[in-house]
Every structure is written in C-alpha cells, then in structure tokens.
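Heads up: the sequence lines are chains W and Y, in that order. Per numbering that gives the first Met the number 0, the first sequence runs over residues 0 to 421. Per numbering that gives the first Met the number 0, the second sequence runs over residues 0 to 156.
Just so you know, these hints were derived from the structure itself, not from any lab. Each hint should be verified, as a subset may be incorrect.
Claimed, not checked - Covered stretches of chain W, as calculated for chain Y (at least 3 residues, CB under 8 Å):
no.	region
1	83 to 95
2	118 to 127
3	174 to 183
4	239 to 245
5	249 to 262
6	321 to 333
Ideal Cβ placement from N, Cα and C applies to all residues, glycine included.
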Amino acid sequence: MNEVCFKNLDKDQCWSLETYEASGGYSTWRKILKGEYTPDQIINELKASGLRGRGGAGFPTGLKWSFMPRNAQGQKYIVCNSDEGEPGTCKDRDILRFNPHAVIEGMAIGSFVMNATVGYNYIRGEFIEPFNRFEGALKEAYSAGLLGKNINDTDVSFDLHAHLGAGAYICGEETALLESIEGKKGQPRFKPPFPANVGLFGRPTTINNTESFASVPDIMINGGQWFADLGVENSGGTKLFSVSGHVNNPANFEVSMGMPFSELLELAGGMRNGAKLKAVIPGGSSTPVLTAEAAMGMTMDYDGIDKAGSMLGAGSVIVMDDSTCMVEALTRLAHFYYDESCGQCTPCREGTGWLYRVLKRIMDGKGKADDIELLLGVQEKIMGNTICALGDAAAMPVESFLRNFREEFEYYIEHKKSMVKG
Amino acid sequence: MISDNAKKQIDHWIEKYPQGKQSSAVMEALKIVQAENDNQLTHDSIQAVADYLNMPGIAAAEVATFYENYNHKPVGKHIIRFCHNISCMLNGADDLIAHLETKLGVKTGEVTKDGLISVKKVECLGACVGAPMFQINDKYYENLTADKIDDIVDGLQ
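Next up, chain Y with everything else stripped away, as it sits in the complex (with noise of 0.2 Å):
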C-alpha cells in the first residue's frame, strides 16, 4: 500500500521526532502517500499510513479530514487554489476566479473533464502583498491579470 519510495520520504520525517513519537510524521506522510495516489486519500490509504507509524486509524483519519490539504474526492492533476479573502477581493479576485472558472468550463470545487485541472476558492495564502494570487501545485502566482492567467494555465499539461 505504501511504496518503498513513500515509505524512506516518510522515514526522513520521523528522524525529525523523538523517539516514539513517530506519529508527528502523520501529516506529512499523508501527504506523501496522497502525492503517489492521484492526489487523493483513501480509507485504506489512511488506514496504511496509521499502521506504517504505528497510530489508531481514527487518529491520522482526524489529521487527514481536519487540515485543508488532503483530498478526498477525485482531483486534477494540477490543482490551482485561488486565494478570495480580503487582499486579494480587493484586487479584483472574484472577477478573475469567475475568469478562470468561465475559461477551463468548471466551477470552484469542480474538475475539468480531462482531469487535468482542479479550481478550489481558499482563504488566504499569506501573500497578500502579491495581491491577487493563486497557487498551482507547490508554486505561488502573484500579481494575476486575466492575460497572465490564461498564460499560465495554457501551460498546464
């Protein structure tokens, strides 16, 4: 269930704790399992990661349904977050998320048909001097136009 390759991503976090308190790992080895399962957790993928750190099943599931970060559902394979609080609604955020949404054909919360793309609404990303923003992936895009926009997801493959 969990890869050799995930399991020596995972053992390098539990070096980082205690001994016996390999269970801090749990947020990240969640998201390294999640990385390797079409960005998304499953109950027996959850279920893998608890035994893999020696935790009851209900306490990484917690951790999994609790933070932002882990999906649940199918997702893309790139997935754009779209910052809307307040920094980035002043700058014009609504009208280039209604941008986005009208261009890949899907709504925030959806996935566009071929898979390739997820568009979440989120609360703020912590770049509010960059306003507006999103993040695809691991990398933040800053100071969005609807022009810079349609280049960047262009080149989503």
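So that you can see chain W by itself, here it is in the shape it has in the complex (with noise of 0.2 Å):
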C-alpha cells in the first residue's frame, strides 16, 4: 500500500520539497536538464509502465503523450486537471495536499516530452487549502532553480501556473476546462479537433489528471515494467481509490490494481454496524451501480470491473449498507446532473431535469404506473447524444439502478413510500 503517490504520507511535513527530493524526487528532471533522457525514452517507460489516465478515461498516458506534435511550430501547453467533483471522488484533493512536488515533477517531465514550454493546474475554486499547497510547493521549485526560463542555462524551459475554478463540474470535461482558462464559460468544445492539435488558445495541448501526472515520477525512478508489475494484466501499477460510504474507516487507500473488492472493503473497516452491504458504486457517481454479489466478486482494476458491470472511473468507491433507499441515492444522484448540467446540448440540458422531476415526484409519492419506462427512455435519448460524456454520466446510473433494483422503484411508485425506509 501506498508505493506511488502517497509513498511519504507518513513522513512530516511530506508535502515540501526536502521531504519529496530525500524519497528521489526531481532526480529524473535533473537528469533531464542534463541531457541524459529522450523524450522517445520516456514514452517508451510510459508505455511499458500501463499507466492510464486516472481521471475516469483510462486513455493510455503514454500513448497520449506521443500524440502530440513536439516539433510542431509556436506554442504547446501541457495541462494538469484536477478539477474534483463527482460524487464520491476525493483523491487528487489529497495528492495536491500531501505531493504537490510529485504534480509539478509530472507535469515537468510531460513539458520535456512534448515540448510545452508553459503548463496550467485547473484546480477546483473550493480547493483553497490544495490550492495553497500547490502554490508554496511551486515557490519552492522556483527557488530552487527547478522551474523557469532557460533552467540552469539549458535551453529547457517550463513555467507552471495554477489556475482556480468557480464552482462547475463541467469543467472537469478537458475541453470545457481549456474554455474556463480562456475566461470563458465552461462548455466543452466538438472534437475533432483534438487538443493535442488545436487546444489551449488554440495551441496544442495535452491534458491529464493530477494522479497521472503524480504517477510519472516514481514510473521514471523504478522503470516501467516495475510499474506495471505492481498492478495487473491491462491495469499497470497502483490506483488511489477513495472509499466512503457505509464503511467503518473511509479513506483514500492506495493499492495495486487487481485487488479484491472484498480487501478493500477490508481495509476500509468493513461494513459500518456490521450491516449487510447492499450495493455498490465503483467509480464515482457517472459508473453503473452493482449489487453486493457482482461486487464481492470484482477485482479493482479495468478489467475486473468492466467484467462485473461497471468501470473504474475515478477509482471512487461508494459502499451502501441495506439501509440505503436506492430511489433515494438515484434521486441524488440525478439532482447532480440536473444541477451541473452545462445546457449546451438539448439532450442533457432538458432530459437531466425530466430524470431528476420523475424520480422527485416518485419521492413525493405521485409516481405514476409507467414512470420506470420514463426513466429509461429518456435516459436512452440522453446517452450518446451529446457533445460531452455529461450526459452518458447522467444517464447510467438511471439505466443501472432501475436494472439492479428494479423493485424498489415499483414499490415506492405503488406503495407511494419507501420499501426500505417506510
């Protein structure tokens, strides 16, 4: 447990930079600065290593990072998102708090690769104490000549920038988070063009997660086949999964990837009372819920949870006991996107209102006989039918809710309460 991102967690004051440069920190980047590394080679580690991007995509970084055009004339920008705020996902908050140097050395080596001379960290408005982290470990990057113009009279160059949001899921979507840098609001942009082509103030722009970039230091350090071996087959390394719920100890655990759910849950204390789990979201609010049974089943990596029926998104773990009312936490859940819905496509403008109106007057008790088919027909309407993956975000926890727990929606539309609660 905790090999990668949170390898000092235990240490005093891990977030500074003697802390982070005493466990190998900037090694790599030094070695940069003195010539001794390719960009091809580090791809390559990359590669070798699995890593995929942590976000929720889990789009292979190495391969995302050979995409860009290095030669490509003028300038190119590299991006950290760690714009944080689907339910249940509350990792990258603690990377910035507690490795803020492990972002910053990410996302120098990416500046190296790609040649992008100037980086932005979108960090969510609400992220204050993050963000003061990210801040003084930058000053001490500077300070110590690790960042800036011509570092150490070499013609590398990378100067680092946070920038803080105002309060809008959407732009954890990587274009609608290039549009709020822009000043602008944040709506995501068609693709193609791709930002690797035309991104940040139309220059070519390469985007990853906080945990991906916090990842690439230690890849480079043990190389990436030793990466890849702590995780599994399809699903290198190690994953931070943040586990809240229902369970004694919530936390953000890092592990290999590949593990048991049940070890998991294990680790998180187990069941709060002793109750009986009841379900399970394995990725954060947008992944298909699963029964307990698929769950205790299921293996935390890509492949495991795809194979239970659901994805590993942001690795953000959301444990229900039998007291959950799964009308309830749907209805929640919709609420969500109705409210963070951006408006830009009709679909998921108008179809997150009608899910959130349907479910709340089910809640009310005036459901109606037909209102399960409702459901699914709009969010079969919705999904796949707009700009963004907002409105497949909103639509599947419809679908797989009214799949799993199917009766609990017909109960409380006949019975106008709760089967569980009453």
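Make one complex out of these two single chains by using the hints.
Below you can see the structure in the form of structure tokens.
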C-alpha cells in the first residue's frame, strides 16, 4: 500500500521539497536538465508502465503523450486536470495537499516530452487548501531553480501556473476546462479537432489528471516494468481508491490494481455496524451501480470492474448498506447532473431535469405506473447524443439502478413510500 | 469601482497568461471584486471587471452567472456550503442540514437576520471520505456531527 503518489504520506511535512527530494524526487527532472533522457525514452517507459488516465477515461498516458506534435512551430501547453468534483471522488485533493511536488515534476517531465514550455494546473475553486499547498510547492520549485526559462542555462524551459475554477463540475471535461482557462463559460468543445492539435488558446495541448502526472516520477525512477508489475494485465500500477459511504474507516487507499473488492472493503474497516452490503458504485457517481454479489466477486482493475458490469472511473468507491433507499440515492445523483449540466446540448439540458423531476415525483408519492419506462426512455435518449460525456454520466446511473433494484422503484410508485425506510 | 488593492491582486493573475489573454483572469478578478463588495457581484462591478480586462461586459457576465461561486443576491458575512450529495447523504447530511436550519432559524438559500451567516446546499465538494462535510468561506469541515456543527457555528463572528 502507498507505494507511488502516497509513498511519503507518513512523513512529517510530506508536501515539502525536502521530503520529496529525500525520496528521489526531481531526480528524473535533473537528469533531463543534464540531457540524459530523450522524449522517446520517457514515452517508452510510460508505455511499458501500463499507466492509464486516472481521471476516469483510462486512456494510456504514454500513447497520449506521443500524440502531441512536439515539433510543431509555436507555443504548446500542458495542463493538469485537478477539477475534482464527481460525487465519491476526493483523491486529487489529497495528492495536491500531501504530494504537490510529484504533480509538478510529472508535469515538468511531460513538458519536456511534448515540448510544451508552459503549463497550467486547473484546481477546482473550492480547493483553497490544496491550491495553497500547490502554490507553496511551486514557490519552492522556482526558488530551487527547478522551473523557469532556460533552467540552469540549459535550453529547457518550463513555467507552471495554478488556475482556480469557480464551481462547475463540467470543467472536469477537458475541453470545458480549456474554455474555462480562457476565461469563458465551461462548455465542452466539439471534437475533432482534439486538444493535441487545437487546445488552449488554439495551440497544441495535452491534459492529464493529477494522479496520472503524480505517478510519472516514480515510474521513471523505478522503470515502467516495475509499475506494470505492481498491477495486473491491462491495469498497470497502483490506484488511489476513495472509499466512502457506509464503511467504518472511509479514506483514500493507494493499492495495487487487481485487489479484490472484498480486501479493499476490509482495508476501509468493513461495513459500519456490521450491516449488510447492498450496493457499490465502484468508480464515481457516473459509473453503473453494482449489487453486493457482483461487487464481492470483483477485482479492482479496469477489466475486473468491467467484467462485473461497471467501470473503474476515477476509483471512487461508494459503499451502501441495506438501510439505503435506492430510489433516494438515485434521485440525489440525478439532482447532481441536473444541477451540473452546462445547458449546451438539448438531450442533456432537458433530459437531466426530466430524470430528476420524475424521480422526485416518485419520492413525493406521485409516481405513475409508467414512470420506470419513462425514466429508461429518457436516459436512452441522452446516452450518446451529447457533445461530452456528462450526458452519458447522467444516464448510466439511471439505467443501472433500475436494472439492479427495479423492485424498489416499483414498490415506491405503488405504495407511495420507500420499501426500505417505510 | 475596482480598488487599487484589488487591481494589484488581479494583475498577479493576469501575469500567468500569455500577453493579450488577460481575460483568462476573469474568474479570479470577479472573485476578488466580489470579496471587496460584501461577497456580492452587481451589474456595475461585473462591467468594471470587464473594462479592466478589456473584454465585453457580456462575456464577463456569462462567466459570473455560469459558475456557482458568484453571488448575485445579498449573502452573509460567512457562507456555509453544505454538501448534500451521495456520500454525505449516506452519512446523514440531510438530518444535519435540518439541524443547522433549525439552529439558525433559516432555510438553505437564506441569510440570518443579522446578516452574519448564509446557508447553501451544494453538490459534491470533493471530500467524500470526510462525509458529512461543509465549507465555510475557504475552509472545509469534515466528519460533522450536530455537536460539532454547534461548536463551529457558535464560533462565527
């Protein structure tokens, strides 16, 4: 446990430059400054590591970095997505608070690989403490001569800045995030063109999640194969899992990919008050909910969770015991997407409100016999019909809650009260 | 309209972006101006920010109304933003929100009569392993209980 992003977690002032350097921090960056690495060597290590995007999409990081036209004329950018805000997800907050230098070094390494001499870390507006930690670490890195223009009189330059959001989940979508850095509403862009060709300020840009960047320095120190071996096939390395809900010890755990869910649950202290497990959302609120049975047979890696019928997402594990009313839980999730839809695409703007209002009327005891079919019909019409993935994210919980716990919805409509809470 | 102190803070943000891209600083500029004006933005203050950043007023107004963290109505000196989404809900947030409403004699979305405290119900604040939680101004408070809420709120001045 805690071998990569969290490896210094038990040390005093684990966020300081001194602690970071004492455990090998900035050794790769210093080698780059001495000319000891080529971009291709780094990309090959990343490819060997099996590191996949930790923000939820799971796209191979090495491949993503290789897509950047590094020799294109003009400015290129590297951007970190720390706009964490999907219900259940709270790992990047801890990386920024406890290991900000790993994010900085990961971005610096990326900047060299992709020849992107300016970077931004987009931190959600409410994360003032993590923002201050990151700013403190930036100051340390600049003072130590690790960042800036022509660092140590080399031809390597990297300037890094933090950008703060102002309260909008949609800015976690990478093109909405770019719009936001440009000082606009956070509304996703049509793709193509992809950010690697037309990104921030119209220039080639690569965006990665905080945890992805923070994993890069240790991959470079220990080698891609080391990281790959920490995990399982197709899911290299470790992953931060935020375990919340009805467990005794909710926390972020950095564990090897492929760990059985039952072991992760034990790490989180097991079920609170010895209650019975009812359901698990394994990857954040947008990933399909699983029954206890499906969850208990699942391993925590991309393929394992896929096989169980859901997705690893950002590793945000929401645990529900048998006191949970699934109608209430879904209504709350539906409210989230209704609130956070940016309003750009009609299926999502109208559909998320529709889903929420129908669920709300079921909870108010005014549900109609055909409401379940109505909900299924609306989510189906959102799915795949929007510019960004928020529409799918709103639809998937609805489909999976109704598939796995349909009788609770039927009961609520018929009896005008919760099957669980009465 | 924008104080010298605010301009200094905004200039710090402008420096982060390429020349001519000063409108990237609009989100922070609006927050800085809001903080100096009783935590609230007005049509005039939004226009002043737009003028300072040399961008159309409507572009700044779009930002000011799209994002959650700007206030367009009077709010309290302290803003309590209570998370009510799933992890907090599973850990009793609804009861605690009701407790806070009773204690302060306001509903979510309202301000106490003395203008000291606003309470808002918000979506996920990204601290789910510390649920239930709320944010007061810039600070997170986690693993809340009714007693803990009483202590924290009683300490607000």
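Hints broken by the structure, by number, lowest first?
Hints that this structure does not satisfy do not exist here, as all of them hold.
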